[in-house]
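Q: What follows is each chain in one-letter form.
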Amino acid sequence: MKETPLSICEKQCVIQAVKEGQRVDGRSLSEQRKTCITFGTEWGCCQVLLGNTRVMAQVSCSIQVPKSSRANEGMLFINVEMSTMAAEHFEAGRLGQQGIEVNRLVERCIKDSRCVDLESLCILVEEQAWEVRVDIHVLNHEGNLIDAATLAALGALCHFRRPDVTLDGRQVIVHQLDERDPVPLTILHYPLTLSFALFDQGKVYALDPTSLEERSADGKLVLGLNAYRELCTLQISGDGVFIRKEAVLSCANVAASRAVEMVEMLKKCLAADAAERIKGKYDGLVTSVALEAERITTQSQARAYFKTPVHNLEGNADEEPLSVPKTKLVKDQGIVTLQTSSDVSSSESDAEMEPLPPVPVVKKRVYEEIDIGNDSEEEPVMLVTKELT
Amino acid sequence: METEQKSIRALKCEQSVLSRADGSVMFSQGNTVVMASVYGPLEAKIQKELSDRMYVEVNYKPKTGMPGVAERGKEKLIKTTCNHIILTNLHPRTAVCITVQEMQDGGTLLSASINAVCLALLDSGLPLQCLVAAVTCLVDKKDKIVLDPCIRTVKEGYKAMFTFAFDSQKYNLILSHCEGQVPYQLFQEAMELCQKASHIIFDFYRQAVLRKFSKELL
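Chains as they are written, first to last, in this note's numbering: chain A, 1 to 389; chain B, 1 to 218.
Keep in mind the hints are simulated off the structure, nothing from the lab. Keep in mind that a hint or two might mislead.
[Stated by the list, open to error] In the BS3-like style, the derived pairs of lysine-lysine whose C-alpha atoms are separated by at most 30 angstroms in a straight line are:
(1) A/K2 - B/K141
(2) A/K279 - B/K170
(3) A/K307 - B/K155
(4) A/K111 - B/K170
(5) A/K67 - A/K34
(6) B/K196 - A/K67
(7) A/K307 - B/K142
(8) A/K281 - B/K141
(9) A/K2 - B/K45
(10) A/K307 - B/K6
(11) B/K48 - A/K34
(12) A/K307 - B/K63
(13) A/K281 - B/K155
(14) B/K6 - A/K2
(15) B/K63 - B/K76
(16) B/K170 - A/K281
(17) B/K79 - A/K281
(18) B/K215 - A/K2
(19) A/K279 - B/K76
(20) B/K141 - A/K307
(21) B/K76 - A/K281
(22) B/K144 - A/K281
Source: prediction; values computed, not measured.
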């Protein structure tokens, strides 16, 4: 399905409003939407809500052979999945241009900044290492997928625990989750991306654009920063964008202060999740299902009981087993048919099958020798004939 | 006659949870959380277009890894159920795209997916012939029937696991998915038990929709 085209009046309204410093949803130009981070019961499951944009990430790990160029390191693989659930123009299975952009930027921010200590994931040099896989599922697209995806991936990596491994000489023992507590990944720093939509050829910028603002914008500026105000990713895209260096620096300043706040919030959410788990009854994502219970679109129901009569299985053993119709093959004037009889008696054998007519068999090939002449220099010719017996 | 108490785990749902989809729901049954979205009627691709009815496309997305054979199996089961309940004859040459995303596995993903799809279809306003409620039960190694098992019970091992889906008008069986080996009596008992349990789920649907339309829009 193709995306509904953006009308000219909508686009012009957004551009005009942003030029005057106002936004359609009432935010200021450097204000982010309400962010909500929740975790699941499985280690490494993180759901992020950035306004209405919803993204879920799940981390898993497996033991693989490390790359020959980096034999003492584990591997990190990031996969972004966009399906029709997020928007009607997304195709399940195939990543369009936008999907590839999101995938690449999340990879650059998280993989290339080397925030996960890959050396600690190595088990046996050149032989075995952990491959950590991050699957990011985009659930709803209401703008700024890159920020939501990076935040979800980072939250999931911080939340994840891998099985504990011990080395017995050259023998690798992977402990089950109930044997030994799983081990968290070593995160060296917390990089996040912050996106700005650029309007008026790069003169005006708006942080955390909605889907409408993204489509009306001239271009995009994506900054990857961590809590120490260090820049790890920078991307400017869009045709007709001539952004001046002062604008990039002011964007970076705004983004840096926001990045510090967001990392603080992520750490707080992780700590709250850890506290909930210790308490005992941990539901994970169930708490986020009907989060605002006063909304009329939510409905909750506790465990519902009902009474059923008890069936006694042993008491029914004396009863006759259910009658299964017996089938037999009957040959009638060369036609074989299936005849069913609802005869309950088990003494009748149902192996009454007449043998099928014999298939003509090729017994042997007969060669005929033709004698042409003794003084002929030709070789004797042999004819092959087939004889059915 | 002796009676015993059976139960269905706590049910929670949030309808219209996604802003872009025509119908969407985040549904939880115990610890199993599933999100379903419905887009329809949509323009169908020419290869998939059917001249007399709507084409139902189902995508089941697992949380980890690429979708494989098990996911395709679930998609087929959900698709046949949907073909039965949606009045596909009313929208020929169009398609409906249903996506189910696994959010948390608490034991009964198939039945939770079918229930979520039913709620999402209700939310989307597509014309339906009837509603569907799916219930899972398993027969553990001691020949005891456990209704709506949690993930721990499933992981402990079982003799057989059944998922039954019933319609809302006459509580007839729409779908039956079984794995394992049990005597026929036990199968019969499990089906009757699931049929009784489906009443609870249909009641939940009714309450959810009543609540959604409880306020008037001015």
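Q: Take a quick look at whether A/K279 and B/K76 sit within 30 angstroms of each other, Cα to Cα.
A: Answer violated: A/K279 to B/K76 is near 40 angstroms, above 30 angstroms.
Q: Run the distance test for B/K141 versus A/K307: straight-line Cα separation, threshold 30 angstroms.
A: 23 angstroms, holds
Q: Verify the proposed pairing of B/K144 with A/K281, using a straight-line Cα cut of 30 angstroms.
A: 26 angstroms, holds
Q: For a C-alpha distance cap of 30 angstroms, please report whether A/K307 and B/K142 respect it.
A: Holds, because 21 angstroms separates the two Cα atoms, which is no more than 30 angstroms.
Q: Quick one, are B/K76 and A/K281 close enough, alpha carbons at most 30 angstroms?
A: 35 angstroms, violated
Q: Below or equal to 30 angstroms on CA atoms is what counts here, so check A/K281 against B/K141.
A: This hinted pair holds, its Cα atoms lying about 27 angstroms apart.
Q: Is A/K2 close enough to B/K141, meaning Cα to Cα at most 30 angstroms?
A: 52 angstroms, violated
Q: Against the 30 angstroms threshold, does the CA-CA distance of B/K79 and A/K281 hold or violate the hint?
A: Distance ~35 angstroms between B/K79 and A/K281 Cα, so the pair is violated.
Q: A/K307 and B/K155: Cα distance at most 30 angstroms?
A: 27 angstroms, holds
Q: Does the alpha-carbon distance linking B/K63 and B/K76 stay inside the 30 angstroms limit?
A: 19 angstroms, holds
Q: Against the 30 angstroms threshold, does the CA-CA distance of A/K67 and A/K34 hold or violate the hint?
A: 41 angstroms, violated
Q: Is the straight-line distance between the alpha-carbon of B/K48 and that of A/K34 30 angstroms or less?
A: 40 angstroms, violated
Hint compliance for this structure: hints 1, 2, 4, 5, 6, 11, 12, 14, 16, 17, 18, 19 and 21 are not met, and every other hint is.
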